[in-house]
Amino acid sequence: MNFEKYTQFTLQDFLADDDFIQWVINPGEEQNAFWQSFLQAEPQQKNIVEKAAATILQYRKQDDFYNGEHKELLWNRIEQSIAEQPLTTSKKVFRLPAFMRIAAAIMVVAGVSYWMISQYNSTKQHLFTTAFGEVKTITLPDHSQVTLNGNSSLAYSGSWNKDAAREVWIKGEGYFNVTHINRDSLHIKPNERFIVHCGDVNIEVLGTTFNVKARHGKTNVALITGKIRIDYTGTDTANKAVIMRPGDYIEYAAKKLLVNKRLVKPALVSTWRSSEISFTDATLKEIAETLQDNYGYSVTIKDPALFSLKIEGDISVNSVSDLLDVVATTLNIKIEQTADKHINITKQTAP
Amino acid sequence: MRNEANSALWSSFKQGNWDAYASLYNNYYGPLNNYGYKFTSNSKLIEDAIHDLFVRLWITRSNLGDPASVKNYLYKSLRNTLIRKIKTEEKYTGIDTEDYPSGFEVSYNSQADLAIEEKEFSGKVKNIINSLPPRQKEIIYLRFYEGLSYDEIADIMGIGINSAYKLLYKALENLQQTLGPSALLCLLTGFTHF
Numbered sequence: 001m002n003f004e005k006y007t008q009f010t011l012q013d014f015l016a017d018d019d020f021i022q023w024v025i026n027p028g029e030e031q032n033a034f035w036q037s038f039l040q041a042e043p044q045q046k047n048i049v050e051k052a053a054a055t056i057l058q059y060r061k062q063d064d065f066y067n068g069e070h071k072e073l074l075w076n077r078i079e080q081s082i083a084e085q086p087l088t089t090s091k092k093v094f095r096l097p098a099f100m101r102i103a104a105a106i107m108v109v110a111g112v113s114y115w116m117i118s119q120y121n122s123t124k125q126h127l128f129t130t131a132f133g134e135v136k137t138i139t140l141p142d143h144s145q146v147t148l149n150g151n152s153s154l155a156y157s158g159s160w161n162k163d164a165a166r167e168v169w170i171k172g173e174g175y176f177n178v179t180h181i182n183r184d185s186l187h188i189k190p191n192e193r194f195i196v197h198c199g200d201v202n203i204e205v206l207g208t209t210f211n212v213k214a215r216h217g218k219t220n221v222a223l224i225t226g227k228i229r230i231d232y233t234g235t236d237t238a239n240k241a242v243i244m245r246p247g248d249y250i251e252y253a254a255k256k257l258l259v260n261k262r263l264v265k266p267a268l269v270s271t272w273r274s275s276e277i278s279f280t281d282a283t284l285k286e287i288a289e290t291l292q293d294n295y296g297y298s299v300t301i302k303d304p305a306l307f308s309l310k311i312e313g314d315i316s317v318n319s320v321s322d323l324l325d326v327v328a329t330t331l332n333i334k335i336e337q338t339a340d341k342h343i344n345i346t347k348q349t350a351p
Numbered sequence: 001m002r003n004e005a006n007s008a009l010w011s012s013f014k015q016g017n018w019d020a021y022a023s024l025y026n027n028y029y030g031p032l033n034n035y036g037y038k039f040t041s042n043s044k045l046i047e048d049a050i051h052d053l054f055v056r057l058w059i060t061r062s063n064l065g066d067p068a069s070v071k072n073y074l075y076k077s078l079r080n081t082l083i084r085k086i087k088t089e090e091k092y093t094g095i096d097t098e099d100y101p102s103g104f105e106v107s108y109n110s111q112a113d114l115a116i117e118e119k120e121f122s123g124k125v126k127n128i129i130n131s132l133p134p135r136q137k138e139i140i141y142l143r144f145y146e147g148l149s150y151d152e153i154a155d156i157m158g159i160g161i162n163s164a165y166k167l168l169y170k171a172l173e174n175l176q177q178t179l180g181p182s183a184l185l186c187l188l189t190g191f192t193h194f
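Protein chains in written order, with this note's numbering: chain H, 1 to 351; chain E, 1 to 194.
These aren't lab readings, by the way, just hints derived from the structure by calculation.
Note that beta-carbon positions come from the ideal geometry of N, C-alpha and C, so glycine has one too.
It is possible that part of the hints are untrue.
What the hints assert, rightly or not - Reference excerpt, derived from the structure (chain H facing chain E, CB under 8 Å, subset only):
#1 K189
#2 N332
#3 I335
Unchecked claim - A few chain H residues that don't get close to chain E, going by computed Cβ distances all over 12 Å:
#4 K136
#5 N161
#6 R262
#7 K265
Model the full assembly from the supplied sequences, consistent with the hints where possible.
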């Protein structure tokens, strides 16, 4: 920037000048120095410069409208609309230019060769397992991500190609973030389908995030975003497919749909990913199961009356010992660690 | 707003990252409402437009390009969507305006406690701004409030860069006439850059 340009400037010129406006709106040290020395060199411009700056600043003192109270509501509406979106795009018919067609033909040849080579790799089995208390994130060939909770396993076969659905098998608990590659829901290509096999249900998705837990013959699924379909693998026709929407939670056991409800806080089902231990309205039985399933503890509860004791509300702790402290105090029961990873729970004896 | 950060969010969102998409919503929900409110005080209509804009973004994300400025891209899309909605609304209520919605209004209700001299100056600025045609009002807003350059404004408003210059000059001529060389004592309304 040089002074000369500005010596003859009128009010109008200043108000039209990018550098001048940027300085008034968002002044930096460098710009302050420039304009200060400009006014020292050209004091006759002081009046106009100040008036131009005052005009911009005065203009900017207008009312704001950020509509903050509807931010959350509108976001929920957007999520809902996306989940319901049929994803129809009009079919476009177009012809490639000649050179592109030749290029495409060459690419087909190259593609076939590549396919033949990749066949060598495609039957390879991939298996991932986690130890008790371990949380691991796995990236699948399509860049979808699965976070496995402790004592769980995930398997898939080959490196996935265009002609087959993406399929994985899970035991235990996992949080899925599936990459969405479908653009036209009326014409779903095989590889755009993503199927999770677990227990006696198949979960079919296009692209979503959800939590799956298959333990003790029970399978539960919580959907965070997107839309998924649950198919029952048995022959009993009474079990129809269930379509889930964000926030829905279902539970299957003994080949029956047991629970189909809406979660108040869907995000809570996957807090275990950040190695937090959390529960909502949990019974002592559920807590004991989690200790066994995810952390490899053995828990002895002799008195069956204790099973159904319930802690209302949310618990969120960072370690097993914190969890045991909370449970013992809240339910007023006695928890003894009798050996490494062995816990005995009894009624509190009168002091 | 940090441009690079939002461009990074944008490319991550295009690959289907839901968290990045949610962050874009969080970053731009306020500014988009604020811009939209200048076209209509019907906040429901603005919400509908933001809803449509974001749902469309998610669905078409794999076909989207990489705009030089995410903010300008969103402003432009909101503007088109909102103007279409306003015009549909106006058709029903019988107010028919050519190609621009009924107006572009900037309000100053929160300025009751100004000093007297400042009030006079601010009153003048307000009067001139209010007397401008809507397009000139909008260009002043994008220029003085959003701090955008001529080609960014031309892009958002869907006009040529020369029209953008002309529009702004017309608006500034009005300002010049009223606030002209000697018409007014200089008032440093919050002007503290020195």
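Hint check: is the beta carbon of H/N332 less than 8 Å from a beta carbon of chain E?
-> Cβ of H/N332 sits 41 Å from chain E, so the hint is violated.
Minimum Cβ separation between H/R262 and chain E greater than 12 Å?
-> 20 Å, holds
Whether H/N161 stays farther than 12 Å from all C-beta atoms of chain E, as the label says | 19 Å, holds
Would you check whether H/K189 satisfies its interface hint, that is, whether its CB is within less than 8 Å of any CB in chain E?
-> Violated: closest Cβ of chain E sits about 14 Å from H/K189, beyond 8 Å.
Distal placement of H/K136 relative to chain E, Cβ over 12 Å | Since the minimum Cβ distance to chain E is about 20 Å, H/K136 lies beyond 12 Å and the statement holds.
Check the non-interface label on H/K265: least C-beta distance to chain E beyond 12 Å or not.
-> 16 Å, holds
With a cut-off of 8 Å on the beta carbons, see whether H/I335 makes it to chain E.
-> With a minimum Cβ separation of about 38 Å from chain E (threshold 8 Å), the hint on H/I335 is violated.
Figure legend: structure checked against the earlier numbered hints; hints not met, in rising order: 1, 2, 3.
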